[in-house]
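Undergrad: Heads up: the sequence shown begins at 648 in this note's numbering, then just goes up one per residue.
Do not take every clue at face value.
[Claimed, not checked] DSS-like cross-link-like pairs, simulated, lysine-lysine; straight-line CA separation at most 27 angstroms:
#1 K815 to K767
#2 K1042 to K1061
#3 K761 to K1031
#4 K761 to K1061
[What the hints assert, rightly or not] Pairwise CB distance ranges (calculated):
#5 A1034 to G794: 37 to 45 angstroms
#6 E951 to K685: 43 to 51 angstroms
#7 T745 to I721: 31 to 39 angstroms
#8 D967 to F1025: 42 to 50 angstroms
#9 E833 to E951: 48 to 56 angstroms
#10 S1012 to K1061: 42 to 50 angstroms
#11 R858 to G812: 27 to 35 angstroms
#12 D689 to S883: 44 to 52 angstroms
#13 P944 to D967: 15 to 23 angstroms
Derived by calculation from the structure, the hints in this document are not laboratory data. All C-beta atoms in this analysis are idealised placements derived from N, C-alpha and C, irrespective of residue type, glycine included.
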Amino acid sequence: MRIFEYTNINETREILKRPVQDLSEIEPLVNEIFDAIKKDGDSALARYTLRYDGARLDDILVSREEIDRAADSIGAGLKEAIHRAVENIELFHASQKTVPRMIDTMPGVYCWQKGVPLEKAGIYIPGGTAPLFSSVLMLAVPARVAGCREGEINPVILYAASVTGVTKIFRAGGIQAVGAMAYGTESVPRVDKIFGPGNQYVTAAKQLAAREGIAIDLPAGPSEVMVVADRTARPSFIAADMLSQAEHGTDSQAVLLTTERNIAEQVAIEVEKQKKNLSRREIIDKALEVSAAIIVPGTKELIEVMNDYAPEHLILSVRDPEGMAESVINAGSVFLGNYSPESVGDYALGTNHTLPTNGFARGWSGVSLDSFLKKISFQKVSEKGLAAIGPYVEKMAEAEGLDAHVNAVRIRKKSLSS
648 MRIFEYTNIN ETREILKRPV QDLSEIEPLV NEIFDAIKKD GDSALARYTL RYDGARLDDI
708 LVSREEIDRA ADSIGAGLKE AIHRAVENIE LFHASQKTVP RMIDTMPGVY CWQKGVPLEK
768 AGIYIPGGTA PLFSSVLMLA VPARVAGCRE GEINPVILYA ASVTGVTKIF RAGGIQAVGA
828 MAYGTESVPR VDKIFGPGNQ YVTAAKQLAA REGIAIDLPA GPSEVMVVAD RTARPSFIAA
888 DMLSQAEHGT DSQAVLLTTE RNIAEQVAIE VEKQKKNLSR REIIDKALEV SAAIIVPGTK
948 ELIEVMNDYA PEHLILSVRD PEGMAESVIN AGSVFLGNYS PESVGDYALG TNHTLPTNGF
1008 ARGWSGVSLD SFLKKISFQK VSEKGLAAIG PYVEKMAEAE GLDAHVNAVR IRKKSLSS
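Given these sequences and hints, build the entire structure.
TA: Written out as structure tokens, the structure reads:
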């Protein structure tokens, strides 16, 4: 594991530069596939799936019989774990429901807001090198809680989809799957919003779809973790957390930020020791090439680098994690203390693991119940209310030179006096 001494924030940014591909390099391919999906529908979806995934799509839609067979092949222990996770995720996201509350901003002027569920949520689940059925739980459960009416093939993924209420499952991945959900094909319905993490190509596809007015959850690309540690941290715990992130993919990044050189050196030793027993060692080794430990002189620099990096996952392994948490302004999800590993958030804690990566935590939030709702504002103005608020609106509209806006108020006021 690479270890660096902090010199300044600009040099640290270069050291911690994410291993992401330039969107402009991927954009021509995304546009090519999107155009083909729009033109040829299912046949284009099948063609690109064969080309890039080596899979022949004889049936795009997964049958009910296949889902049932998948359920029969899952062990009781795993089923119990999935159901426990579903309960926790549902409990946490249900707590985010709000009751519409009408307020009167002036006498006779009433305003309120109502959350209306999306009709069709499209959930992308990466197959890749690991069956990420946990992402099904993290996306389908809040969709169900929100009230979405419609929501891809390892048996566990199929089982997780079935227990969370997903209504249609399709065999497709990559850019072509995003395109199919964005524009619709003969088999895949066009959705209202696209959810789910993926590799750099999937993330680029979602971002380009968003340019065309198609809603997405967030730019969720290669996963990352930053562990902030002081002398009270446990090097073996930190190494385990960094390795758990590194095994996600060769472009995942694990960062240790510490004030203690001996902590960084002990973590480096633990990383080498622990990874010998891990099954995804080749992937981990590649990820560690783009990972690093940064030794900073004090708490001020630690907080500066932490917020500048804006990690997807942030673990505070410090003496007073709650106190330091008050200084966090840029992060997807924060784990407090030595006994809060990021992996509990990935699976069963209840919070959502679909989070902004690549520094997008500076301006994006992770998936929540609100991600599956459209917030619609309502307003009602009585005759008394129009008389009270009308003069203010007239003055403001006149200042902007919008006479028709003035007239819309004035014509009503005249009707009140006639």
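Undergrad: Now tell me if each hint is right for this structure.
TA: Here is what the structure says about each hint:
1. About 11 angstroms separates the Cα atoms of K815 and K767, which keeps this hinted pair within 27 angstroms; it holds.
2. For the hint linking K1042 to K1061, the alpha-carbon distance of about 17 angstroms falls within 27 angstroms, and the restraint holds.
3. This hinted pair checks out: K761 and K1031 have alpha carbons roughly 25 angstroms apart, not beyond 27 angstroms.
4. Taking the CA atoms of K761 and K1061, the gap is about 32 angstroms. The hint is violated against a cut of 27 angstroms.
5. Restraint check, A1034 to G794: a C-beta distance of roughly 39 angstroms satisfies the suggested window 37 to 45 angstroms.
6. At about 46 angstroms, the beta-carbon gap between E951 and K685 stays in the expected band of 43 to 51 angstroms.
7. About 36 angstroms separates the C-beta atoms of T745 and I721, a value consistent with the hinted range of 31 to 39 angstroms.
8. Under the hint 42 to 50 angstroms, the C-beta atoms of D967 and F1025, about 45 angstroms apart, fit the expected range.
9. A hinted range of 48 to 56 angstroms holds for the C-beta pair E833 and E951, which are about 53 angstroms apart.
10. Checked against the hint of 42 to 50 angstroms, the C-beta distance between S1012 and K1061 comes to roughly 46 angstroms, which is consistent with it.
11. The hint said 27 to 35 angstroms for the Cβ distance between R858 and G812, and at roughly 31 angstroms that hint holds.
12. In this structure the hint that D689 and S883 lie 44 to 52 angstroms apart at CB holds, the actual value being about 51 angstroms.
13. Taking the beta carbon of each, P944 and D967 are about 19 angstroms apart, inside 15 to 23 angstroms as hinted.
Figure legend: structure checked against the earlier numbered hints; the only hint not met is number 4.
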